Each structure stands twice: as structure tokens, then as C-alpha cells.
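Each protein sequence line maps, in turn, to chains A, B, C and D.
Position 246 (the first sequence) corresponds to 646 in our numbering; numbering is contiguous.
Position 245 (the second sequence) corresponds to 645 in our numbering; numbering is contiguous.
Position 158 (the third sequence) corresponds to 558 in our numbering; numbering is contiguous.
Position 51 (the fourth sequence) corresponds to 451 in our numbering; numbering is contiguous.
Certain hints may be false.
To be verified - Example chain B residues on the side facing chain C (calculated, C-beta under 7 Å, incomplete):
#1 V427
#2 S614
#3 G684
To be clear, the hints were calculated from the coordinates, so they are not data collected in a lab.
It should be emphasised that the depicted structure is a prediction, and the values quoted were computed from it without experimental measurement.
Backbone N, C-alpha and C fix where the C-beta goes; we use that ideal spot for every residue, glycine too.
4 protein chains.
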Amino acid sequence: MDISKVGLFGKFGDSSVAPVLVKVREVLEKNGLKVLLGSTTSAEIDGERIDDQNQPLNAVIDIAMVVGGDGTMLNAARLLSSHDVPAVGVNLGRLGFLTDISLSELEQCLESLINGDYSIEKRTLLQTSVIKDNEIAFQGIAVNDAVISKGNTGRLIEFETHIDGRFVSHTRSDGLIVATPTGSTAYSLSAGGPIIYPTLSVISISPICPHTLSNRPIIIHENSLVEIDSLKISETHANLALDGLIVCELKGGEIIQLRRAENKLSMIRIDSHDHFDVLRSKLGWTG
Amino acid sequence: MDISKVGLFGKFGDSSVAPVLVKVREVLEKNGLKVLLGSTTSAEIDGERIDDQNQPLNAVIDIAMVVGGDGTMLNAARLLSSHDVPAVGVNLGRLGFLTDISLSELEQCLESLINGDYSIEKRTLLQTSVIKDNEIAFQGIAVNDAVISKGNTGRLIEFETHIDGRFVSHTRSDGLIVATPTGSTAYSLSAGGPIIYPTLSVISISPICPHTLSNRPIIIHENSLVEIDSLKISETHANLALDGLIVCELKGGEIIQLRRAENKLSMIRIDSHDHFDVLRSKLGWTG
Amino acid sequence: MDISKVGLFGKFGDSSVAPVLVKVREVLEKNGLKVLLGSTTSAEIDGERIDDQNQPLNAVIDIAMVVGGDGTMLNAARLLSSHDVPAVGVNLGRLGFLTDISLSELEQCLESLINGDYSIEKRTLLQTSVIKDNEIAFQGIAVNDAVISKGNTGRLIEFETHIDGRFVSHTRSDGLIVATPTGSTAYSLSAGGPIIYPTLSVISISPICPHTLSNRPIIIHENSLVEIDSLKISETHANLALDGLIVCELKGGEIIQLRRAENKLSMIRIDSHDHFDVLRSKLGWTG
Amino acid sequence: MDISKVGLFGKFGDSSVAPVLVKVREVLEKNGLKVLLGSTTSAEIDGERIDDQNQPLNAVIDIAMVVGGDGTMLNAARLLSSHDVPAVGVNLGRLGFLTDISLSELEQCLESLINGDYSIEKRTLLQTSVIKDNEIAFQGIAVNDAVISKGNTGRLIEFETHIDGRFVSHTRSDGLIVATPTGSTAYSLSAGGPIIYPTLSVISISPICPHTLSNRPIIIHENSLVEIDSLKISETHANLALDGLIVCELKGGEIIQLRRAENKLSMIRIDSHDHFDVLRSKLGWTG
Chain A
401 MDISKVGLFG
411 KFGDSSVAPV
421 LVKVREVLEK
431 NGLKVLLGST
441 TSAEIDGERI
451 DDQNQPLNAV
461 IDIAMVVGGD
471 GTMLNAARLL
481 SSHDVPAVGV
491 NLGRLGFLTD
501 ISLSELEQCL
511 ESLINGDYSI
521 EKRTLLQTSV
531 IKDNEIAFQG
541 IAVNDAVISK
551 GNTGRLIEFE
561 THIDGRFVSH
571 TRSDGLIVAT
581 PTGSTAYSLS
591 AGGPIIYPTL
601 SVISISPICP
611 HTLSNRPIII
621 HENSLVEIDS
631 LKISETHANL
641 ALDGLIVCEL
651 KGGEIIQLRR
661 AENKLSMIRI
671 DSHDHFDVLR
681 SKLGWTG
Chain B
401 MDISKVGLFG
411 KFGDSSVAPV
421 LVKVREVLEK
431 NGLKVLLGST
441 TSAEIDGERI
451 DDQNQPLNAV
461 IDIAMVVGGD
471 GTMLNAARLL
481 SSHDVPAVGV
491 NLGRLGFLTD
501 ISLSELEQCL
511 ESLINGDYSI
521 EKRTLLQTSV
531 IKDNEIAFQG
541 IAVNDAVISK
551 GNTGRLIEFE
561 THIDGRFVSH
571 TRSDGLIVAT
581 PTGSTAYSLS
591 AGGPIIYPTL
601 SVISISPICP
611 HTLSNRPIII
621 HENSLVEIDS
631 LKISETHANL
641 ALDGLIVCEL
651 KGGEIIQLRR
661 AENKLSMIRI
671 DSHDHFDVLR
681 SKLGWTG
Chain C
401 MDISKVGLFG
411 KFGDSSVAPV
421 LVKVREVLEK
431 NGLKVLLGST
441 TSAEIDGERI
451 DDQNQPLNAV
461 IDIAMVVGGD
471 GTMLNAARLL
481 SSHDVPAVGV
491 NLGRLGFLTD
501 ISLSELEQCL
511 ESLINGDYSI
521 EKRTLLQTSV
531 IKDNEIAFQG
541 IAVNDAVISK
551 GNTGRLIEFE
561 THIDGRFVSH
571 TRSDGLIVAT
581 PTGSTAYSLS
591 AGGPIIYPTL
601 SVISISPICP
611 HTLSNRPIII
621 HENSLVEIDS
631 LKISETHANL
641 ALDGLIVCEL
651 KGGEIIQLRR
661 AENKLSMIRI
671 DSHDHFDVLR
681 SKLGWTG
Chain D
401 MDISKVGLFG
411 KFGDSSVAPV
421 LVKVREVLEK
431 NGLKVLLGST
441 TSAEIDGERI
451 DDQNQPLNAV
461 IDIAMVVGGD
471 GTMLNAARLL
481 SSHDVPAVGV
491 NLGRLGFLTD
501 ISLSELEQCL
511 ESLINGDYSI
521 EKRTLLQTSV
531 IKDNEIAFQG
541 IAVNDAVISK
551 GNTGRLIEFE
561 THIDGRFVSH
571 TRSDGLIVAT
581 PTGSTAYSLS
591 AGGPIIYPTL
601 SVISISPICP
611 HTLSNRPIII
621 HENSLVEIDS
631 LKISETHANL
641 ALDGLIVCEL
651 KGGEIIQLRR
661 AENKLSMIRI
671 DSHDHFDVLR
681 SKLGWTG
């Protein structure tokens, strides 16, 4: 892949990142790259905008540089994956799983990019559909996880899970996390799920505080269809959240279908950057 | 203690228990005991009512027989503890931690009661106060647990915990469970808390899905004062629930104070009934 | 696959299974199948022996029927996988993950087998090599797991893990479980590992009681090479066990290499038998 | 308590600590305190020795200053508790739960000691007895924990636990940790046990990797008698370790009795030093 045009995406609605974005652009341009501004960024700094090009995203930019935290990448990922534009993440001071390049490493990493010293990691995304009365009531894509969890209630919620049409379990818990490998180090980890190498073709299903203690996380193939029946939620209250944002209130009677999304997210991994280094740093593995 | 007058408390608002209550009363009366109906029960069957006596509860009945599940006992416990009336729990088919006598054992257990073959276990209850703008915004008693948990949000909530005025931790999690020993086998267990022998003078504090994996359950003395500052909850949404019922919405800026209640709940333990038997049965310890 | 010759493998050294094996053979022969006895079985009952045929195993039998518990299957699996002979497991009264057919279902399952109502599941096995002084000190195959664990010591053991040549972690713990998906419901589950669908192409690595609480199970691709350096074990004492049998004492300075074995184990899944049914039954998921 | 004579106990058999001990003695003497050397320390530096006084320990010294890590305190604790000599722990660079004073704080903490700005925390110790053929085969004291664990075997061990004569469970696991509150932050924490405030009058019992997932840690009163029957250990191999040192091999047929020791360990808590500060630091609670 020849990299000449870079889309710059910054943390949304945070004007304090403007000076950083200006600096990042300078570094990119100094290295002979053309820079176009993503929609979130163009609100903060002036310059040529991607949205003004009236062309498909992958015709306008070769890669996207996302500056912020992991949340910024989660926001940009849906757009980028739908046009198969590879993303590289730059953090604003605090190392992220998806934004693992620090500002101080920026020039060195650009050099690696220009020299081709990188690989593209394909990350599985989750397609979530809520079926109600035989109609699709909601559809959306998650990078990390789709979470069914109790809302305004002090009680457990109950649901039934099927995988590829086969009954798995009737569960009483605070909820259920269906996570991609990318999301395995996020909420899923707090609920007892394992760390999954980000490029694996699997999905994890982890109950949140299950009443039955042996209801443990399950790892299945990403080609499986997970269906969750919100059977008795009507008596309590539950929500569906994608990547930490509530997208749908569940009133009972819905079927939530989860399958891998058609498109994957292409993440650029600079050769000198290792996932296990990030894990050790973020999780405090000091030995 | 001489037992001659028994208060009968049944599952609230469930008319299907009426035949069982009538049968229980028959057995009690056949054994020479006077039976008075608690408020929940008197809605279901006819008979002499406790509420009509115009006397303090502990002048009207010697013990309370609570027929239902653990939830029925949780409901009756506040009233009974405030008058120090001992309670004995009879389950309606499904063994409970607090209702460990089955209908088939009823006569045998009554004999034990009349013969004095029992002991009284004092169970610690939790007094919860919510302080807002230097005023008490809410007060209540919990038998099992007081739970601060996120409500209608897909995000973590943040709070600070102090014990006896000393800073313990700043936590990001789905919430926090402060449990009595009685509550240690309820929600707290699902969140990773230990099983605590029910008569111990301790309180457990367990985070729910904490972001920092080393934020583990803490056991402290029941005389300690736990204070939780809902500092940044305003940006998200959280609730306070006692024994599984939401009692208070938290908007940020509240201090939730938890201390043992002045009164304890007196639970009658029939000599032939052992807590470890119930644990094995309820938790499926088959070896 | 045309099934006409069945190898019968029974629980090793347990003469009490002889009557069951005789009965199983009767059922097989009544259904027109030729039965040959595996080495473990031929010690218990008389009949035509596989070992007397002087031919490769897969020329002598089409499938192997393994009668016993999961341990019996673990023993037979190495032989069967090396000749790619599919296995079907029959339990002696207690449902197993690998022996999920009960004696009462035997006839019905045979009918399914003969009618072709089954599928073949390929199960990944682990190839384990111990390298010491640049020589291979031990090599072996595991169906469930390869476990490095402390032996006669009350102290932690320390080791370093690399995956595909990249440093993962320096760990202090009671040991480390490297498990196949098949082994995910065995020891690994007790140590906090997830349930992995048995046909996935992944391997899990789970520390046993790690000193650093964030040292959580990791799921990697089965094509990865795991290398564990027993660096400081010399000061303590450790063992390597495959499928629960100690195969090697570790004295420090060894490199334990784990990769998927060249051959997979072919397990026969009768169409009416579902892995999730077994999970619910074995783990007591009652909902 | 008037403090004028301090016993100095250093890390055993580590001559590198000699200069530190000399420096600590200087600081103590400069503050008007008389210093006598404990047996471990007197091997490293010259000076007046406790052992030469021919008097009971508590007649010779008012308090013991233990310089090293938590392991050094574990070693000194048995002697100190048996004579009720309060201990204060000074670490050699790495904060310990029992050695929470750093060298840089030493002078300031001495001032607190001399001014009486401290409290004495009574720490429960465990008395362990192994009964075999109706005779006491071993007896010993543990500060942190008594651990029954599998030794040279790749299999689970089985045992039965009774508390105060009542049957608790038949367990199959890697072993069992019986811990004091002081030990709750050591091995017990790695096995899933809770953090217990160090002065509580309780004992925790935590299975190590139990086969039955609902076999969770149990907290009982310190006055309870725990009895563990090593019933089937003969078929495998197990050890009993106190504070991480194997003291006894178990061959099956033993009863291991655990109860609180008659004497408690008196730990000096400088007023400015808080247990929760140590927890946050040691466990990496960053919020």
C-alpha cells in the first residue's frame, strides 16, 4: 500500500486538542504526506476537509490517523471500516489499546509507515440487530462489545441464549457482554472474560454477575450467530449498549441477534509496536 | 423464651399461598400455639390480626413464622428487627437461606421449637443514609445489601470510598455492593464476594466489575462507618438499592453512609438445621 | 465414511467394566458391525484383537468406540489421532465431555452412526517439547492441557512466557495451564479460564493463582508457538504434566515449547448430541 | 508503654543488610534508645545480643524492630508473639504489608513511637495440628496461612472439611488455604479470597482451583475449629505448608486441625501509617 494521503481524525468536541492536531499535521506534511481533515477534526482546526471532496472515503485518503483515546477510535471505526480505510491510533498522553502511538514516537512511526514497516490487522466487528414483532427495530455496529444490561432496576434480568439455533442457557444476571477480541480488554475483562489476541476469529460471551456461579465466559467462532431472547425483561428493565453507548431500551419480547459485521476494521500495526507490550503496560504486569 | 403466640407472615400479594397458610396455621394450633396474622397474610386468609391488637408487636407475638421465600423474609425483617421479634422461615418448596424449613419438616420443627431445641442467631442489618447538601435525603435498613449501581448508562460510574474517615479507594466500576453476612450469599457472591458465616460481626464491600482488576472485596468490622462519595455520578446515572429495591436515584454530590443498624434481626435456628447444609444444597456442592 | 469395523477401547485395568464391554459388543454385532478389541479392552474380555492384525490401525478399524470416562478417552486419543481414526465416547454412568453417550442411548446412537447422522469434529492437540541444553529432553502430546506447576514447594514459581518469539510476561504463580479448546472445561476452567467451543483453532494460557491479579487468561491462535522459560524454578521445584500426568520434573533452565500437534483428534458428534447440552448438565446451569 | 529498649531483627542470612542495620541502630541510639541484637541480626553485625541476656524476651526489649521484607517479619513473629513483644516493620526498599516503614521515614516514625503516636494492632495467628493415628504428628504456628496443597502430582486432591464438628464440604481441588486476616493479602488473595482488615477476629478458608466452581472462599469466626480430613490424599500426594514453608507431607488419614493460636502478634501501627494506603500502593489501585 502506498501512503500519500492521510485523513486526520481528532477527539470529538474537545477544542484543547487543536494545538496537538496542528502539530501532528505539521509532522505529516513535513514528511511529504497530504493531510485532509475528518469531520470531527475539522470542527477544531482549519484545512482541507474530507467531506468537501465528494468522493468515497477510500478515494480521498489512504489511511486515517486517529488522535485521542480509544474512545475516539471507537467513534471513527465504523466509518473507516465501511470504506476499508486502515487506521492508526495516536494517543494524547495515556496509552490506549487502539491508540498505542505516543506523540513522542510520532515521527519515528511515520518513518516506519512510509518505509512499509507495518502490518495490517483485521479486526472483527459485531453486527447487532434487535428483532421485535418480526421486524428489525434497531441495527448497529460495535467495535468492542454489545452489552445487554439491567437499567433502572435493583433486580436481575433473565434471558435465553441460543448459538446457531442451539439452546445454550437460561441466565439470570446483571447482563451479558458479547465482545470482539478487540473488546476483550475492555468491559469484558472486568466481568471475568479472557484476554483474546485481537486478530482471532472468535467472539466471547460473558455474563455479568451471574446468579449461577458456573455461568462462565464462552468463546465461540465469529461466524456463529448469537441470539438472545429478552424473555422476562418486561418485569424489570434493560438496555442494549454498543461500545458503551445505550442504543436501545429492551422491554421484553425482543430477540437480539449478534453476528460478525461484513466489514472488518483494518488497524495498522507498526512493526516495532507489540500488543503484548501494551498489555503489560496497561494491566500493570510487573512480574 | 416461652413460645405460645406465633405471628404468621406470608408472601405478599400471592393468593395462591392462602391454602398453605391455612395448613400452617392448623399445624401450629394443633400444637397448642395461638396464631395471629401479620399484615401481609391477613390479606390472604381470615383470622385474628396482629394489627388489631393495638399493642407493640413483641407484646402480641413471641415469634414470627414467615412463609414464602427469602424475599418474604427480607420484607418482614425490618418490622421484626425493630421490635426484636425472632423469626423462623418456612419455604414454599424451594429451599432458601432465610427460609430453610420445608413444609414437610414443619411439624418436626415445631416440636423442636416447643422443646427449646433451637438457638437465636443475631443478624447484622445495614443502616443506610444518603446525605445531600448536609441534609439526610434518605434513610433505610437493609438485611442483605445496599448497592450503588449504574442505572441508565452504558458507562462506568466513579466514586470514592472512605472507611472510618480514611480514604480507601477511588473506583471506576458498575457499582459497589455493601453486604451483611446474611447478604454474602446473595448478590455479593455473584460479584466475587466471599461466603461469610451469618453471625459474624463484619461487613463486606465488593466492587461490581471494577475497571482495576485488583479492586477486590474487602471485609471490615461491622462497627466501621463506610462513606461513599458519588463524586462524578452526575455525568452518568446511578441508583441506590436496598435488598434489590431501588430507593434513591443518585445525581452526584451525595454521600452514602453505611453503618450497622442499631437493631439486629433475630433468626431462629432449629438445632437440626445447619447453615452448611443449606450452603451445600443451594450452591450445588457435590464434591 | 462407511462404518463397518469398530475398535472397542475400555477403561484400562478395570475388570468391572468387562460385562459392560461384552454388552456393548453384543449391541454392535447385532447391528452388523465387526468388533475388534483395543489393547486396554483385550485385557478384560476375549475376542479378536486389533494388535494381532499387523496392519495400521486405520486399516483395521473405521472408528473407535471408547467406553469409560473422559480419562479413558484421553488415554486412547494419542493412538487414535496418530492414525486419524475417529472416536466416539460412551460413558459408564457419569456423563463426560468426551464420553457423552450413555449406555441407554447406545442403540439409538449406533443407528445414527450407521445412517450417517453424525459429524466429525477436529480437535486440536498440543505438542509439548522440553528443551534443555539445546537438546530435546522430552516430547509428548496432550489432549486437554500441558501444565507447569509447582511441586514439592510452598513457594511460587517464576517463569517467562514468549509467544511467537515475543515477550509476554514474567509471572510468579503456582503455575501455568496451556489448554486446548477440549481442555478448556477441565483444569483450565478451575483456574479461571473461559469455556472454548471445542472445534476452535485457539489455545488458552491461564496462570494458576498468579501473584499479580491482572495476569488473566490469554487466548491465542493455535498456530502460535508458546515458549516458557523455567528461569528461576531451580530455587523451588516444578513439574510438567500432560493431561494430569507428570511427565517431566523441571529443574530450571528448560524451555518448554508448546504448539499444536500435527494430527488432530477426530471426535464423532452424533447429530442429536449437542455440546451445549453437555455443558449445561456438567456445569449445573439450571437458570 | 514506655519504649526504651529495642530489639533489632534483620533479614536472615543476608550480609548485604549489615550496613542498613548499622545505620538503623545509629538512628535508634541517637534517639536515646538502647539497642539489642536479635539472633538473625547478630550474625551480621556486632553488638549486645538479646540471646546473651538470659532473661525472657519481654524483659530484655520493649519492642522489636524488624528490618527486611514481610518474610523477615513472618520469621520473627512466632518468637515475638510468644512473649507478647510488639513489632514494627522497616522495609529495605520495597513496601511490605508488615514492613510498611521505609528507611527514609525511619527518624520520623521513631519520633512518633517515642511520643506515643501509635497503636497496637493484635493480629490473630493460626495454630495448626496434624493428627495421625490419634497422636499429634505435627504442631506449628502460622502468621499468614496454613496451606494444604497437592505436591508431586498432576491430579486433584480430595478432602473433607468440618467446622466446629459440622460437615462443610467434600472438595476436589489443588488444595485449601486457611488464612488469617494478615494473610488475606498474601496467597489467599491470589486464590480468590477477599481482603480482610487485619485486626478482625475471623479466619478465611479458600479452595485452590476447585473442581466445583461454586466452592468459594468462606469467612468464619476465629474461635471456630477447622478440621480437614486428608481422606483420599494417599492416592495422590499433598503437603502442609505454614507461611510458605512445607512442614509436613500428607499421606492420607491425617486430620489437620486449625484454630487461632493462644497468643496474638502485636503489630505497632504508627498513627500516620494507614493500612488502606499500603493496600492502594501494593495492589496498584490507581482509580
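### Message
Can you verify the interface hint for G684/B: is its Cβ closer than 7 Å to any Cβ in chain C?
### Response
This hint holds: G684/B lies near chain C, its Cβ roughly 5 Å from the closest one there, short of 7 Å.
### Query
Against chain C, with CB atoms and a cut of 7 Å, does the hint on S614/B hold up?
5 Å, holds
### Message
Let's test the interface hint: is any C-beta of chain C closer than 7 Å to that of V427/B?
### Response
31 Å, violated
Checked against the numbered hints given earlier, this structure breaks only hint 1.
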